[in-house]
Amino acid sequence: MGGQMALTELNVADKIFTHQYIVVGFRPEFKVSKHISLPVMVGINAVRNAYYDGRSLSAFFKAMGREYDPCFQIAPYFSVSIVL
Numbered sequence: 001m002g003g004q005m006a007l008t009e010l011n012v013a014d015k016i017f018t019h020q021y022i023v024v025g026f027r028p029e030f031k032v033s034k035h036i037s038l039p040v041m042v043g044i045n046a047v048r049n050a051y052y053d054g055r056s057l058s059a060f061f062k063a064m065g066r067e068y069d070p071c072f073q074i075a076p077y078f079s080v081s082i083v084l
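Under the working numbering, the residues of the sequence shown are numbered 1 to 84, in order.
Keep in mind that the hints were calculated from the coordinates and are not lab data. This one's a predicted model, so the numbers in the text were calculated from it and none came from an experiment. Be aware that a few hints might be false.
Result set (SDA-like, lysine to any residue): computed pairs, CA atoms no more than 20 Å apart in a straight line [unchecked claim]:
| no. | residue 1 | residue 2 |
| --- | --- | --- |
| 1 | 62 | 14 |
| 2 | 15 | 48 |
| 3 | 62 | 31 |
| 4 | 31 | 81 |
| 5 | 15 | 62 |
| 6 | 31 | 83 |
| 7 | 62 | 52 |
| 8 | 15 | 43 |
| 9 | 15 | 49 |
| 10 | 15 | 5 |
Simulated restraints, written as ranges between beta carbons of each label pair [to be verified]:
| no. | residue 1 | residue 2 | range |
| --- | --- | --- | --- |
| 11 | 38 | 9 | 46 to 52 Å |
| 12 | 7 | 41 | 34 to 40 Å |
| 13 | 82 | 53 | 44 to 50 Å |
| 14 | 5 | 33 | 44 to 50 Å |
| 15 | 77 | 6 | 47 to 53 Å |
| 16 | 25 | 62 | 31 to 37 Å |
| 17 | 27 | 56 | 28 to 34 Å |
| 18 | 54 | 3 | 16 to 22 Å |
| 19 | 38 | 7 | 44 to 50 Å |
| 20 | 13 | 78 | 52 to 58 Å |
| 21 | 57 | 77 | 36 to 42 Å |
| 22 | 55 | 21 | 18 to 24 Å |
| 23 | 72 | 14 | 24 to 30 Å |
Every residue, glycine too, gets a C-beta built ideally from N, C-alpha and C.
Please put together the full structure from these sequences, using the hints given.
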């Protein structure tokens with residue numbers, strides 16, 4: 001899991017700019033011959049939209065009750081490579 005947060009100012013107000021992401025998966029490797037293998041990557045990438053929020057304790061508790069909650073959006077991924 002990763003993400004970034006920046007303490008910034010927007011429209012003369014102190015704000016927090018943040019986003020998060022998660023990458024989960026597994027990578028089996030299949031041996032084709034003595035010198036060739038095929039690593040396969042299968043997993044998901046979950047991303048939470050970037051947004052600005054207030055920088056006070058009361059803004060933190062207000063954020064828990066808001067209608068728009070920037071939820072995680074999930075995308076599957078798959079890849080194969082050749083190792084010689």
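A quick look at each hint next to the structure:
no., hint, verdict
1, 62 - 14, "holds (16 Å)"
2, 15 - 48, "holds (18 Å)"
3, 62 - 31, "violated (54 Å)"
4, 31 - 81, "holds (12 Å)"
5, 15 - 62, "holds (14 Å)"
6, 31 - 83, "holds (10 Å)"
7, 62 - 52, "holds (13 Å)"
8, 15 - 43, "violated (34 Å)"
9, 15 - 49, "holds (16 Å)"
10, 15 - 5, "holds (10 Å)"
11, 38 - 9: 46 to 52 Å, "holds (51 Å)"
12, 7 - 41: 34 to 40 Å, "holds (35 Å)"
13, 82 - 53: 44 to 50 Å, "holds (45 Å)"
14, 5 - 33: 44 to 50 Å, "holds (48 Å)"
15, 77 - 6: 47 to 53 Å, "violated (27 Å)"
16, 25 - 62: 31 to 37 Å, "holds (36 Å)"
17, 27 - 56: 28 to 34 Å, "violated (43 Å)"
18, 54 - 3: 16 to 22 Å, "holds (18 Å)"
19, 38 - 7: 44 to 50 Å, "holds (46 Å)"
20, 13 - 78: 52 to 58 Å, "violated (43 Å)"
21, 57 - 77: 36 to 42 Å, "holds (38 Å)"
22, 55 - 21: 18 to 24 Å, "holds (22 Å)"
23, 72 - 14: 24 to 30 Å, "holds (26 Å)"
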